[in-house]
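Q: Residue numbers (my numbering), protein chains in the order written: chain A, 1 to 383; chain B, 1 to 383.
There may be inaccurate statements among the hints.
Since copy identity is lost for identical chains, a pair holds within one copy or between any two.
[Stated by the list, open to error] Simulated pairs of lysine-lysine, DSS-like, Cα-Cα distance not exceeding 25 Å: (1) Lys337 / Lys168; (2) Lys197 / Lys257; (3) Lys197 / Lys378; (4) Lys55 / Lys168; (5) Lys308 / Lys55; (6) Lys257 / Lys66; (7) Lys378 / Lys168; (8) Lys257 / Lys55; (9) Lys197 / Lys66; (10) Lys308 / Lys2; (11) Lys365 / Lys67; (12) Lys168 / Lys2; (13) Lys2 / Lys55.
Hint data in this document are derived by calculation from the structure and do not stem from the laboratory. These numbers come from a predicted model, not from an experiment.
Number of protein chains: 2
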Amino acid sequence: MKVLVIGGDGYCGWATALYLSSRGHEVAIIDSLVRRHWDNELGVSTLTPIAPIQKRIDRWQGVSGKKIGLHVGDITNYDFLSSVFRQVEPGAVVHFGEQRSAPFSMIDREHAVATQVNNVVGTLNVLYAIRNDFPDCHLVKLGTMGEYGTPNIDIEEGYITIEHNGRKDTLPYPKQPGSFYHLSKVHDSHNIHFACKIWGVRATDLNQGVVYGVLTEETGSDEYLINRLDYDGVFGTALNRFCIQAAVGHPLTVYGKGGQTRAFLDIRDTVRCVEIAINNPADAGEFRVFNQFTELFSIIDLAHMVQKAGQTMGIKVEINNLENPRVELEEHYFNAKNTSLLSLGLQPHLLSDALLDSLLNFAVKYRDRIDQSQILPKVSWRR
Amino acid sequence: MKVLVIGGDGYCGWATALYLSSRGHEVAIIDSLVRRHWDNELGVSTLTPIAPIQKRIDRWQGVSGKKIGLHVGDITNYDFLSSVFRQVEPGAVVHFGEQRSAPFSMIDREHAVATQVNNVVGTLNVLYAIRNDFPDCHLVKLGTMGEYGTPNIDIEEGYITIEHNGRKDTLPYPKQPGSFYHLSKVHDSHNIHFACKIWGVRATDLNQGVVYGVLTEETGSDEYLINRLDYDGVFGTALNRFCIQAAVGHPLTVYGKGGQTRAFLDIRDTVRCVEIAINNPADAGEFRVFNQFTELFSIIDLAHMVQKAGQTMGIKVEINNLENPRVELEEHYFNAKNTSLLSLGLQPHLLSDALLDSLLNFAVKYRDRIDQSQILPKVSWRR
């Protein structure tokens, strides 16, 4: 199938583009490269030295014999987006092309507004491009488990059946997102749902958990294909950040008590979930929601697992409970469903000491590149 | 109290500004005047000849002896908004300053994007202006009953208590808005809720029904204070539009079967509801939701009421069931709660033949100004 991967130069996007290409799909990437620009602006950098996108794609062709199309530009520019759609004629579009950091969106008013405008307008443009020219194209959109917040009831996949005053309906699951970034994804979900209803668009919203790991079969096959790995206080997510902190002897930065439970998955499962979604498209007019994660952990549990894995490697790992820069519950109920992708064939890579070892080893390999001044959180939700 | 009315030159905003001023509040208006510009762009016009905002405010001072401050500018410009906040030092801000037409937002991609960016960014800016300089200022934000859609269960005021798998929580009421405009209000509600949670902002979201009527005590006290009255296919809302259509012998434009049930209120209740909200501010950190309407009617019921009122005035009124330009259910359950404002003292003006007479008489008075070519809907939800 012809697949357009928006945001194909990013962490999840790059791994997905290569995986889909290796599985025989005809892949084209759209990316504005703004993620690299934000690294420059913030003075941070991926742990792993990533090659320019053009070089990455050339090398992939050398390694695999497969071509990936490249379109550098911003999807908030509709004329650009529309012209790429017409060149690529996609059967599916995988949309990773959003500002994806909660702390980035909380830096200040400008970053909050930029995040919401970028994400909402980009997604609206994708919806119009589909409606206008490729009404049968399946939109696979990256959402986040963070859209749900931490309700005191079980989290279903996108919808919940409510009985109320003797009547019953199945309605969109109530959303309680925890940052202006997470809010932008909630806005997207509502907009996409509406487009499915009025235009018959087929869409799958992948409410993804926190992704960890750096190697997939494809990105690990050549040094030039290596994926990015972020550890800084803005773009670094929990488990990846902990492993890198452990590798350089920096105490693990647990925010508050660490009782925050979140949903996680291996990046090798991210790419597989996207493939499953593409191979099993939503019906015309259907807004389908999959919760895309494999396991639930509390943050303090993760920290202890890294500590234990470190011990077996002879690395002493300390844990620091920092004052929580976010406003969030640190002890709460959290139980989310994830049966849809499993029933479509996902076979999870579960988090294990072995994986922690591999991530830790990776971090050790590149530890000379770590800038310790970037590790602590600098963005507060309160001020 | 010092009250800042954003969108104070609009239909609800102007009536509210005068009412609050007459009740002794110190009122300042912010308005970009873009609503008048959109009339020009679309080639439509209010039935009633409205004076320039500067003249309106001068005349109000002549009639009442009370001054209203005027700040012409766009709240998506944060520097402008922030400087007005610092001049006015508001204890409450009433935010009507959004693009408020569903058909306008459905004209094309550009109008959808413009509506969402304008509304979302404006409201984000208001939230930051409150947080940065006036953390105790009460935000009274105009939402819409259309945020809820038409669920098959009773509509509560903003939240619903859900029992699920043996556990219970009170969560934001699920939203199913029916246009990119209504979606923008849902986005706003989520953003405001979050700001209350993390910054302790006090906010009241007024989920308002369809407003009808043109006269309030203040806007009726002088020809120069007259309020706008829209009847065109883009900005005209159901009952007002029907009365004006009846006055010129145009068949009433009922979309589809007309079984769509909606919530309604008299503009004299709009201004009173805002006053009630201001006089009973939300607590710090509270995101309070009031459903602001007084009665429920189906569209076809309204049409029949106008037809009957017309008969008593000797006007023959036809009803046309047009092909519905919108995508919406034409027969559905609809039962919404509205007890909060009533319990705080709202005494509703109920829709009656008398009111229909008055609206009809008003329409007859200005019928020479009607451009019949603007009456039919021109915007389709499907294409």
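Q: Please go over all the hints and tell whether each is borne out by the structure.
A: Hint check:
no. : hint            : in the structure
1   : Lys337 / Lys168 : both (21 Å within a copy, 17 Å between copies)
2   : Lys197 / Lys257 : between (42 Å within a copy, 19 Å between copies)
3   : Lys197 / Lys378 : between (41 Å within a copy, 20 Å between copies)
4   : Lys55 / Lys168  : neither (55 Å within a copy, 53 Å between copies)
5   : Lys308 / Lys55  : neither (38 Å within a copy, 75 Å between copies)
6   : Lys257 / Lys66  : neither (48 Å within a copy, 55 Å between copies)
7   : Lys378 / Lys168 : neither (46 Å within a copy, 36 Å between copies)
8   : Lys257 / Lys55  : neither (43 Å within a copy, 60 Å between copies)
9   : Lys197 / Lys66  : neither (37 Å within a copy, 49 Å between copies)
10  : Lys308 / Lys2   : neither (44 Å within a copy, 60 Å between copies)
11  : Lys365 / Lys67  : neither (30 Å within a copy, 71 Å between copies)
12  : Lys168 / Lys2   : neither (41 Å within a copy, 45 Å between copies)
13  : Lys2 / Lys55    : within (22 Å within a copy, 60 Å between copies)
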